[in-house]
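Protein chains: 2
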Amino acid sequence: MSIATDPYKDQLVPSSEIEHRINCLRSEMARHGLGATLIIYRPNYFYFSGTSQNAILYIPLEKDPILFVRRDMDRAQEESPLLRVLPLQSLKQLPDVIESHAGTIPQILGVELDVLPAQEFFRFQEVFRGVEFKNSSPVIMKCRMKKTAFEIEQIKKAARIAYEVYEAGKNLLQLGMREIEFGALFEMEAKRRGHEGVIRMRGLNYEGYSWHILSGPSGSIVSDADTPAGGSGLSPAFPTGAGWRKIQAHEPILVDFAICCNGYISDQSRIYSIGELPEKFLKAYKVCREIENLVLKGARPGVKSEDVFLIANRLAFELGYEDGFLGLPGKKAKFVGHGIGLEANEIPVLGVGQEYPLEAGVVLAIEPKIVFPGEGVVGIENMYLIKEEGYEKLTLIDDEIIQV
Amino acid sequence: MSIATDPYKDQLVPSSEIEHRINCLRSEMARHGLGATLIIYRPNYFYFSGTSQNAILYIPLEKDPILFVRRDMDRAQEESPLLRVLPLQSLKQLPDVIESHAGTIPQILGVELDVLPAQEFFRFQEVFRGVEFKNSSPVIMKCRMKKTAFEIEQIKKAARIAYEVYEAGKNLLQLGMREIEFGALFEMEAKRRGHEGVIRMRGLNYEGYSWHILSGPSGSIVSDADTPAGGSGLSPAFPTGAGWRKIQAHEPILVDFAICCNGYISDQSRIYSIGELPEKFLKAYKVCREIENLVLKGARPGVKSEDVFLIANRLAFELGYEDGFLGLPGKKAKFVGHGIGLEANEIPVLGVGQEYPLEAGVVLAIEPKIVFPGEGVVGIENMYLIKEEGYEKLTLIDDEIIQV
Numbered sequence: 181m182s183i184a185t186d187p188y189k190d191q192l193v194p195s196s197e198i199e200h201r202i203n204c205l206r207s208e209m210a211r212h213g214l215g216a217t218l219i220i221y222r223p224n225y226f227y228f229s230g231t232s233q234n235a236i237l238y239i240p241l242e243k244d245p246i247l248f249v250r251r252d253m254d255r256a257q258e259e260s261p262l263l264r265v266l267p268l269q270s271l272k273q274l275p276d277v278i279e280s281h282a283g284t285i286p287q288i289l290g291v292e293l294d295v296l297p298a299q300e301f302f303r304f305q306e307v308f309r310g311v312e313f314k315n316s317s318p319v320i321m322k323c324r325m326k327k328t329a330f331e332i333e334q335i336k337k338a339a340r341i342a343y344e345v346y347e348a349g350k351n352l353l354q355l356g357m358r359e360i361e362f363g364a365l366f367e368m369e370a371k372r373r374g375h376e377g378v379i380r381m382r383g384l385n386y387e388g389y390s391w392h393i394l395s396g397p398s399g400s401i402v403s404d405a406d407t408p409a410g411g412s413g414l415s416p417a418f419p420t421g422a423g424w425r426k427i428q429a430h431e432p433i434l435v436d437f438a439i440c441c442n443g444y445i446s447d448q449s450r451i452y453s454i455g456e457l458p459e460k461f462l463k464a465y466k467v468c469r470e471i472e473n474l475v476l477k478g479a480r481p482g483v484k485s486e487d488v489f490l491i492a493n494r495l496a497f498e499l500g501y502e503d504g505f506l507g508l509p510g511k512k513a514k515f516v517g518h519g520i521g522l523e524a525n526e527i528p529v530l531g532v533g534q535e536y537p538l539e540a541g542v543v544l545a546i547e548p549k550i551v552f553p554g555e556g557v558v559g560i561e562n563m564y565l566i567k568e569e570g571y572e573k574l575t576l577i578d579d580e581i582i583q584v
Numbered sequence: 181m182s183i184a185t186d187p188y189k190d191q192l193v194p195s196s197e198i199e200h201r202i203n204c205l206r207s208e209m210a211r212h213g214l215g216a217t218l219i220i221y222r223p224n225y226f227y228f229s230g231t232s233q234n235a236i237l238y239i240p241l242e243k244d245p246i247l248f249v250r251r252d253m254d255r256a257q258e259e260s261p262l263l264r265v266l267p268l269q270s271l272k273q274l275p276d277v278i279e280s281h282a283g284t285i286p287q288i289l290g291v292e293l294d295v296l297p298a299q300e301f302f303r304f305q306e307v308f309r310g311v312e313f314k315n316s317s318p319v320i321m322k323c324r325m326k327k328t329a330f331e332i333e334q335i336k337k338a339a340r341i342a343y344e345v346y347e348a349g350k351n352l353l354q355l356g357m358r359e360i361e362f363g364a365l366f367e368m369e370a371k372r373r374g375h376e377g378v379i380r381m382r383g384l385n386y387e388g389y390s391w392h393i394l395s396g397p398s399g400s401i402v403s404d405a406d407t408p409a410g411g412s413g414l415s416p417a418f419p420t421g422a423g424w425r426k427i428q429a430h431e432p433i434l435v436d437f438a439i440c441c442n443g444y445i446s447d448q449s450r451i452y453s454i455g456e457l458p459e460k461f462l463k464a465y466k467v468c469r470e471i472e473n474l475v476l477k478g479a480r481p482g483v484k485s486e487d488v489f490l491i492a493n494r495l496a497f498e499l500g501y502e503d504g505f506l507g508l509p510g511k512k513a514k515f516v517g518h519g520i521g522l523e524a525n526e527i528p529v530l531g532v533g534q535e536y537p538l539e540a541g542v543v544l545a546i547e548p549k550i551v552f553p554g555e556g557v558v559g560i561e562n563m564y565l566i567k568e569e570g571y572e573k574l575t576l577i578d579d580e581i582i583q584v
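Here the protein sequences come in this chain order: A and B. The first sequence begins at 181 in this note's numbering and counts up by one. The second sequence begins at 181 in this note's numbering and counts up by one.
If you are wondering where the hints come from, they were derived from the structure by calculation, not from laboratory data. You may find that some hints are simply not true.
When the alpha-carbon atoms are kept at most 30 Å apart in a straight line, the in silico DSSO-like pairs for lysine-lysine are as follows [claimed, not checked]: (1) K512/B / K272/A; (2) K511/A / K272/B; (3) K314/B / K514/B; (4) K514/A / K189/B; (5) K272/B / K512/A; (6) K272/A / K511/B; (7) K337/B / K426/A; (8) K426/B / K350/A; (9) K512/B / K514/A; (10) K426/B / K426/A; (11) K322/A / K272/B; (12) K322/B / K272/A; (13) K272/A / K243/B; (14) K272/B / K484/A; (15) K189/B / K511/A; (16) K189/A / K426/B; (17) K314/B / K350/B; (18) K511/B / K189/A; (19) K426/A / K314/B.
Please put together the full structure from these sequences, using the hints given.
In structure tokens, the structure reads:
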């Protein structure tokens, strides 16, 4: 019953990595007055423990962390470098086991209030009587925001798969094919190379997936998602992404197809077209690339995230794209770039009201897009690692429109 | 900016359907003392409004429901038969708008406490001062449990796609192919036919997806999921479902591949094999089919859900499969069947501690499986509509092992 074959084991999170991450969390906890943190949300406890088996992770300021495992205990022990991995039968056990292994339970406990369901929170209040709970998510996301070398490697593996899949896409695209058919072929090419298929996103009702294939007019269909171009989706139940429309020649086909590898996401967009695109799309595409360059110049450590967004907006407006930049009037997306890692919607967000200053070590997906009502969307999305000096481009796909 | 092409519009939820569902909810609300319900969770407000645009749905006992839409307002209006569809800028507006359209706000408001994040719940408490909140999920799930004729039609559409995909699977399976490659091809065949790709599951950290392809020994790898056979998955980040293992001849290949169509899920499992299977797997497969028949005889309206589970267990034990039935000792799944609809883990659950009596109109996915440590899993999963008299089988795939 040992875990799988080698490619799985090659992806285990190293012990040094876990130690580094927990140290980061502890110093943030200390700064925010948290005596310990109970981590319930899967991407978070995977980040700090190396396993995403069903578990709860307890991290105190000083003593050893304890990973409480509901299922599967054997795999959690194999996968996590943590020393204390214990089975969990019932939440009621938690206080006693914590006290016997890690001393007194502190007065202030962190817990992820932005994702933990209310009913489960009440249960924690019952079990840990007299303890004050504070939202630990800002502290956790601050640690997760700065990527380690190991994490950059994982994103690069996903970006490598993305490169291969977008290359393969050149031979898959055919006139008259439905958006969802093109998406299905993309998905197949990605998954056979190790794409994990699910794109994690934080928040109730957020559903992440890859097949955002929007051809011609579909590119101006607005959806529930806060993006410039939502697409129709297949039904009112899944009203975003690839739809039933048959792809035509000489129209922009936006392929915003994220790839997940060992939990890490590579997020990118390119425009495909069958035959030449009309001049106005080519011109708008060039403008998107100019805006990308300007955003990159502006996205320096210390700069407030929103300021970078405002710079992008200003240039788009100056160049005459006030109506279409980041969506149609009244329906615009509120950001031009976002952090990326274990989830597709991480901080920092280059968007409205985002006060957070950028730091070296963040990975940004920058995605300027311009929408033409009833005609389509053009734009580009690349990932960059922001460094103290300069940046490193993580996306490997050529920047040009992919004309077949 | 109108929504997509015809196959999308053909799937809109009819007005009579929405009316019926809201009537059901209102009578349950009245029985449970809820004056109104605020519906925040997407599968729920899609069920009662016909749209899954970003929204909050307010349903009082008597006055018209109000759908508050964050994004996209135009599509929500096109998709929902509800009469009052209003834009929502901020939660703060809610009480005033509700009072002006639907009269006084009742003293007891229902809200989905099992999925609503704690922080968002606190926000509702702030906005609706003095109101008592009660968990509305049991009431909502009770309505959703009994499927209407329209819903059965949607499940049948998904089951038809499943039939075609499992047929196509016969020509896709090849010796030495990795599990994830087979899964990728299945996914492609499903998606090009309209499979929506995401399998919704209720609860924090639940992640539903289709590619559960477990070959030989992978079928006895336990995962975080409460299922007889979890599989390795591709990495510690996604430790369930298809892995990297290369498929061999003469071993059972479990394909538990769910299909989603207009939001409704068709859930089924079959065993493929390359060449003949050893006798012990064939024998165990026959036992699974016997158990399925016994479960079907037992799953009558009025019978307690857990009792059906106990019947299944008893037969498996009598026939000598105590060790392997529903998983290995100490790691067994706690159910032999579950409700299915907009989510893959609906009530009723034929499982441990499930008091709920079965009713006519529920759709059950019944999935007896037997695990052989280190060797694999065999079993079957079919969906049935339970009727007052008898049942209707919804799965169209032939019941035999699919040998290629």
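For each hint, the structure was consulted:
About 23 Å separates the Cα atoms of K512/B and K272/A, which keeps this hinted pair within 30 Å; it holds. With a C-alpha separation of about 21 Å, the suggested pairing of K511/A with K272/B holds against the 30 Å cut-off. Simply put, K314/B and K514/B have alpha-carbon atoms about 28 Å apart, close enough for the 30 Å limit, and the pair holds. Between K514/A and K189/B the CA atoms are separated by roughly 29 Å; this keeps the pair inside 30 Å, and the hint holds.
Using a Cα cut-off of 30 Å, the hinted pair K272/B and K512/A holds, with the two alpha carbons roughly 23 Å apart. For the hint linking K272/A to K511/B, the alpha-carbon distance of about 21 Å falls within 30 Å, and the restraint holds. For the proposed pair K337/B and K426/A, the alpha carbon gap of about 21 Å is at most 30 Å, so the pair holds. Of the supplied pair hints, the one linking K426/B and K350/A holds, its CA atoms being roughly 28 Å apart against a limit of 30 Å.
At most 30 Å may separate the alpha-carbon atoms for a hinted pair to count; K512/B and K514/A exceed this at roughly 47 Å. Distance check on the hinted pair: K426/B and K426/A sit about 36 Å apart at the alpha-carbon level, beyond 30 Å; violated. For the hint linking K322/A to K272/B, the alpha-carbon distance of about 29 Å falls within 30 Å, and the restraint holds. Taking the CA atoms of K322/B and K272/A, the gap is near 29 Å; set against the 30 Å cutoff, the hint holds.
The straight-line distance between the Cα atoms of K272/A and K243/B is roughly 43 Å, outside the 30 Å bound, and the hint therefore fails. Proximity of K272/B to K484/A is assessed by CA-CA distance (about 28 Å); at most 30 Å being required, the pair is judged to hold. Proximity of K189/B to K511/A is assessed by CA-CA distance (about 22 Å); at most 30 Å being required, the pair is judged to hold. Among the hinted pairs, K189/A with K426/B is consistent with the structure: their alpha-carbon atoms are about 16 Å apart, no more than 30 Å.
The hinted pair formed by K314/B and K350/B fails the criterion: a straight-line CA distance of about 50 Å is larger than 30 Å. Only pairs whose Cα atoms come within 30 Å are accepted, and K511/B paired with K189/A is accepted, the gap being roughly 22 Å. The hinted pair formed by K426/A and K314/B fails the criterion: a straight-line CA distance of about 47 Å is larger than 30 Å.
Violated hints, listed in ascending order, are 9, 10, 13, 17, 19; each of the other numbered hints is respected by the structure.
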